[in-house]
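Residue numbers (this note's numbering), protein chains in the order written: chain A, 1 to 144; chain B, 145 to 294.
Just so you know, the hints here were simulated from the structure itself, not pulled from any lab data. Here a beta-carbon is modelled for each residue, glycine too, at the ideal position from N, C-alpha and C. Hints may contain errors.
[Said to hold, decoys possible] So the derived label-pair ranges between C-beta atoms look like this: (1) 17/A / 291/B: 41 to 47 Å; (2) 15/A / 157/B: 41 to 47 Å; (3) 26/A / 185/B: 23 to 29 Å; (4) 19/A / 255/B: 32 to 38 Å.
[Stated by the list, open to error] Below, a list of computed lysine-lysine pairs in the DSBU-like style, where the Cα atoms sit at most 35 Å apart: (5) 4/A / 127/A; (6) 210/B / 285/B; (7) 168/B / 127/A; (8) 132/A / 285/B; (9) 257/B / 210/B; (10) 132/A / 257/B; (11) 234/B / 132/A; (12) 257/B / 4/A; (13) 4/A / 234/B; (14) 4/A / 168/B; (15) 127/A / 111/A; (16) 168/B / 234/B; (17) 168/B / 132/A; (18) 132/A / 210/B.
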Amino acid sequence: MTAKIAYADVEVGTELPAQTFPVTRDALVRYAGASGDFNPIHWNERFAVEVGLDDVIAHGMFTMAEAIRVVTDWTGDPGAVREYGVRFTRQVVVPDDGVGASIEVTAQVAKKLDDDARTVRVDLVAKSGGQKVLGMSRAVVVLA
Amino acid sequence: MALDQSFVGRTYPPTRPYEVGREKIREFAESIGDTNPAYTDPAAAAALGHPDVIAPPTFVFAITFKAAGLVIEDPQLGLDYTRVVHGDQKFVYVRPVCAGDVLTVSSRVESIKSLAGNDVLDVRGDVHDAAGELVVTAYTKLVARAAEEG
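If we strip away everything but chain A, and leave its shape as in the complex, we get (with noise of 0.2 Å):
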């Protein structure tokens, strides 16, 4: 496991390079495939509707897998995660018109956890059309 950040070189609030994730309706349907979560809610807009929403909208796992990239682009290594929950607070929702949406990550060093176990706390943040869609959105990544 070698991560290509030091934990000697991040202090509390150190911040990791912020990125933008476009979703698709065709990005759901290979997510879909690739996970074997074939739920119709997250590709199917007749279903989507009669169940109460107002469209398509991405898995929970998707827009999870999505924002801790910012993390594992960061450490190069993505074995250097050590624990990563979120909270799903708001659905992102996929229209389809040849554009979908878009997640939107920030994230920074909360805290150093353990100076031999060179162990960070990172805090996520995820938008989508300017709404907050994680959260409790937190990692646990060792640091070389």
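Dock chain B against the given chain A, drawing on the hints supplied.
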């Protein structure tokens, strides 16, 4: 209707072994648009100290959620799955999931609460490898919204 509290602490037998394949990891990584070579290139993964390509952090949910299905669909529990939404999700890793791993999941009902008419169910899934070593634990909170009146 409140869920049966006697389910708290109930454990379910380990699932049938799931063999993690390189190409399944590649498919998953591509589906989230993640080009990190640790997911697709064994040499890149080896350079990071991993025995084979590793899976993205949330990959294992596909396995643990299927295992949680034993709980969710247990007719004795009486959960109305049509009203269930995913509340929280957390993973605690001992090590990353690697291609070649043969994984089983043991699920346990951690807690059952009733909040404002909603049923809140916490399920824990411990994922073990073929040697019996713990790889990752998944904590899944499911919320069954209260049925509408009338």
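Query raised in the report: Are residue 210/B and residue 285/B close enough, with their CA atoms no more than 35 Å apart?
Result: Since the Cα atoms of residue 210/B and residue 285/B sit roughly 14 Å apart, the hinted pair holds (cutoff 35 Å).
Query - Restraint check for residue 4/A with residue 168/B, where alpha carbons must lie at most 35 Å apart - result: 26 Å, holds
Query raised in the report: Could one say that the CB atoms of residue 19/A and residue 255/B fall in the range 32 to 38 Å?
Result: 35 Å, holds
Query - Pair hint residue 127/A and residue 111/A, alpha-carbon separation not exceeding 35 Å - result: 22 Å, holds
Query raised in the report: residue 168/B and residue 127/A: Cα distance at most 35 Å?
Result: 29 Å, holds
Query raised in the report: If you draw a straight line from the CA of residue 168/B to the CA of residue 234/B, is it 35 Å or shorter?
Result: Holds. Residue 168/B to residue 234/B sits at ~22 Å (cutoff 35 Å).
Report task. For the pair we were handed, residue 132/A and residue 285/B, check the Cα-Cα distance against 35 Å. Result -> 19 Å, holds
Query raised in the report: Does residue 132/A pair with residue 210/B here, judged by a C-alpha cut-off of 35 Å?
Result: Roughly 28 Å separates the two Cα atoms, so the pair holds.
Query raised in the report: Are the Cα positions of residue 234/B and residue 132/A separated by 35 Å at most?
Result: 18 Å, holds
Query raised in the report: Under the criterion that the straight-line Cα-Cα distance not exceed 35 Å, is the pair residue 168/B, residue 132/A satisfied?
Result: Measuring from Cα to Cα gives roughly 31 Å; hence the hint holds.
Query - Range agreement (Cβ of residue 157/B with Cβ of residue 15/A, hint 41 to 47 Å) - result: For residue 157/B against residue 15/A, whose Cβ atoms are near 45 Å apart, the range 41 to 47 Å holds.
Query raised in the report: Between residue 4/A and residue 234/B, does the CA-CA distance stay at or below 35 Å?
Result: 24 Å, holds
The structure shown violates just one earlier hint, number 12.
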